[in-house]
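K.L.:
Each chain, letter by letter, is given below.
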Amino acid sequence: MSVSLVLILVMVVLYACGIYLLLERSMTRVLLGFLLVGNATNLLIIVMAGKAGLAPIVGDGVEAEQMTDPLPEALILTAIVITFGVSAFLMALIYRSWRLAKQDSVQDDEADIALRGGVVAMEGEGSTVDRSDTEFGTRAEGAISTARDLEEDDEDAAAEAATSADDGGAKR
Amino acid sequence: MNALVPLVVLIPLIGAASALVLGRRPHAQRLVTIAALVLVLVIGAVMLYVVDTSGPLMMEVGGWAAPFGIVLIVDRLAALMVVVSALVLLAVLVFSVGQGLADGDQETPVSIYYPTYLILATGVFNAFIAGDLFNLYVGFEILLVASYVLITLGGTEARIRAGTTYIVVSLVSSMLFLASIAMIYGAVGTVNIAQISLRMAEIPIDVQIILHIMLLVAFGIKAAVFPLSFWLPDSYPTAPAPVTAVFAGLLTKVGVYAIIRTETIIFPGSELNPALLVLALLTMVVGVLGAVAQADIKRLLSFTLVSHIGYMILGVALGSVAGTAAATFYIVHHIVVQTTLFLGAGLIERIGGSTSITKLGGLLKASPLIALLFFIPALNLGGIPPFSGFIGKLALFQAAAEQGTWLAWALIGAGAVVSLLTLYALMRVWNMAFWRPEADVEGYESTLLDNVSEAPGGHTVTETRTVPKLMIGATAGMVVASVALTVFAGPLFGISTRAGENLEGPGQYVQIVFPEATGD
Chain A
5 MSVSLVLILV MVVLYACGIY LLLERSMTRV LLGFLLVGNA TNLLIIVMAG KAGLAPIVGD
65 GVEAEQMTDP LPEALILTAI VITFGVSAFL MALIYRSWRL AKQDSVQDDE ADIALRGGVV
125 AMEGEGSTVD RSDTEFGTRA EGAISTARDL EEDDEDAAAE AATSADDGGA KR
Chain B
538 MNALVPLVVL IPLIGAASAL VLGRRPHAQR LVTIAALVLV LVIGAVMLYV VDTSGPLMME
598 VGGWAAPFGI VLIVDRLAAL MVVVSALVLL AVLVFSVGQG LADGDQETPV SIYYPTYLIL
658 ATGVFNAFIA GDLFNLYVGF EILLVASYVL ITLGGTEARI RAGTTYIVVS LVSSMLFLAS
718 IAMIYGAVGT VNIAQISLRM AEIPIDVQII LHIMLLVAFG IKAAVFPLSF WLPDSYPTAP
778 APVTAVFAGL LTKVGVYAII RTETIIFPGS ELNPALLVLA LLTMVVGVLG AVAQADIKRL
838 LSFTLVSHIG YMILGVALGS VAGTAAATFY IVHHIVVQTT LFLGAGLIER IGGSTSITKL
898 GGLLKASPLI ALLFFIPALN LGGIPPFSGF IGKLALFQAA AEQGTWLAWA LIGAGAVVSL
958 LTLYALMRVW NMAFWRPEAD VEGYESTLLD NVSEAPGGHT VTETRTVPKL MIGATAGMVV
1018 ASVALTVFAG PLFGISTRAG ENLEGPGQYV QIVFPEATGD
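As they're listed, the protein sequences go chains A and B.
Count along the first sequence starting at 1, add 4, and that's the number in our numbering.
Count along the second sequence starting at 1, add 537, and that's the number in our numbering.
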């Protein structure tokens, strides 16, 4: 079995860069890393198909030995579709995270921080991001447009509580 | 009867599509979802009966013969898993219907909840009946993508944060799984599990071990085996209670199921078994120590979940018929009991307004029924006789004692200690949340009376935070099911043992796909 060295080298570079990016704390880089690793894996499947040959299945007098193995290509197509769907979901997640918390980085778990005695390990990384040039809006909207806004609710409830307390006082 | 096999995947998939179309009619959507799962449960039960009495079912999708097309296989293990999963999915669905009805669906966007839930079911069932490694990958992806949506449901800040950890970890494990499929294809030239099993024996042992480790790491992340379990207690607790319950019950078990298939069919009698035994021991001990330290009920339960994965890995890693049989029984027991406990935690959250045991108290007086519904599965998980947890652990310990190495004895000792610690952790929850009088809780705020509101008529009405009957009913049903596992432990253990015997060596599995092949 002989395969193209170029494919292997490209695969290695993609894996190396992808894994490096996956280890980052910034979600956008994690997404890019995931895309690189996904493509590297697709290349790995191609490499595993063995030597490249003529187009499979079509026939036209091509011997079976001269054809490219068609199965890995089917596997890759499936893998590409899955990677595409997951990437789209990740982008939505990153966007949501930005709208909600103005954070692109993965945050520490609150309970973990509590266990450590309230010390936040990653100091300042998220807070040094310059937010002035963002094109995203400044305020997160509810996931369901028809749902009540919980934050507004709280404010309303607080206001109501205040007024009702005043009323109660006045009546008394 | 073979025609029943693909229905297990098709029905939830079609149900999901119809539920999505019915997005604006919640009532019809609920009916479709429940009907789909009831159908799968019935089909699963029929398949279990047929498989147990007259041998395994096999379906070549699209009529393509075995090594070229995709095969779907239902043997005893797969059929048992399908039945238990369908039961648990149905119970949790009823629970979430009850919760959704009561909450007026403000917190969860209901129009996508039910379709996504059915997609998750599709993925789980597809993974159980896959006879093809790539189809198993697709099954995993279906259930994972559905779980990404469910864990970030509603898109609140805490859920996005927890979901991010979960999603990134799952992505890495999926990529590892895909890469190992590529390597296995490179090594043996097929992705059909039975054919891989036939050809794997001819591969040099060092290559075998590399492929084996890659698969185990990929499945180990999904099954939350130590040291790959760190993500689970971090990400599960923030999701809505029914979602956490179904994740805890099923998703990790799909990973364990894949490990069983790997160990018994692809790499039988592997040299990695002692290493797996050590990992099982560490998973048990580290998991339960985490549970003892937690104050939040959902996190505590997540840690016991990790801990009890260790028991299943122990059974698988023994590599004997008794071990596999005991692991199968334990998986069934654990799916039911762990889900019940998470549903119980959901009920506690509902009446107590919190899941932190430092803030709860006096719930026994507030709701004796919920106290009972939490107490029974807690004892069961802790392994108190005569519950199924005790029977499962006893079977595992017997299988380990049969092997008789010092490592096996060490695992028996650790298993006994871990079950005591599990009991301690859960009884601490019970004592603090239910038994302790409210007066002992520092800064206690009665959540039962916090809904005093002005009625339109002008006079004050006191609303108590009532728990919908459907939620109680679903949890009670699961408790009854967990007790039924104890009562009918005999027949169930019979099926588990026969399932274990089916997996003694890959021969019987290979013969399902290639009847003419002479297995070893």
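Heads up, some of the hints might be wrong.
What the hints assert, rightly or not - Calculated from the model, a selection of chain B residues having no Cβ within reach of chain A, i.e. all distances over 12 Å:
#1 Val705
#2 Leu713
#3 Lys902
Claimed, not checked - Facing chain B, from chain A, some residues (calculated, C-beta under 7 Å):
#4 Leu39
#5 Leu47
#6 Met52
#7 Ile84
#8 Arg100
#9 Leu104
#10 Ala105
FYI, nobody ran anything at the bench for these hints, they're computed from the structure.
Ideal Cβ placement from N, Cα and C applies to all residues, glycine included.
K.L.:
Hints first: check each against the structure and report whether it holds.
P.N.:
Comparing the hints with the structure gives:
1. Val705: violated (6 Å)
2. Leu713: violated (9 Å)
3. Lys902: holds (29 Å)
4. Leu39: Since the shortest Cβ distance to chain B is 11 Å, the answer is violated.
5. Leu47: violated (9 Å)
6. Met52: Hint on Met52 (chain A): holds, closest Cβ of chain B at ~3 Å, below 7 Å.
7. Ile84: violated (11 Å)
8. Arg100: holds (5 Å)
9. Leu104: holds (5 Å)
10. Ala105: Holds: closest Cβ of chain B sits about 6 Å from Ala105 (chain A), inside 7 Å.
Checked against the numbered hints listed earlier, the structure breaks hints 1, 2, 4, 5, 7; every other hint is satisfied.
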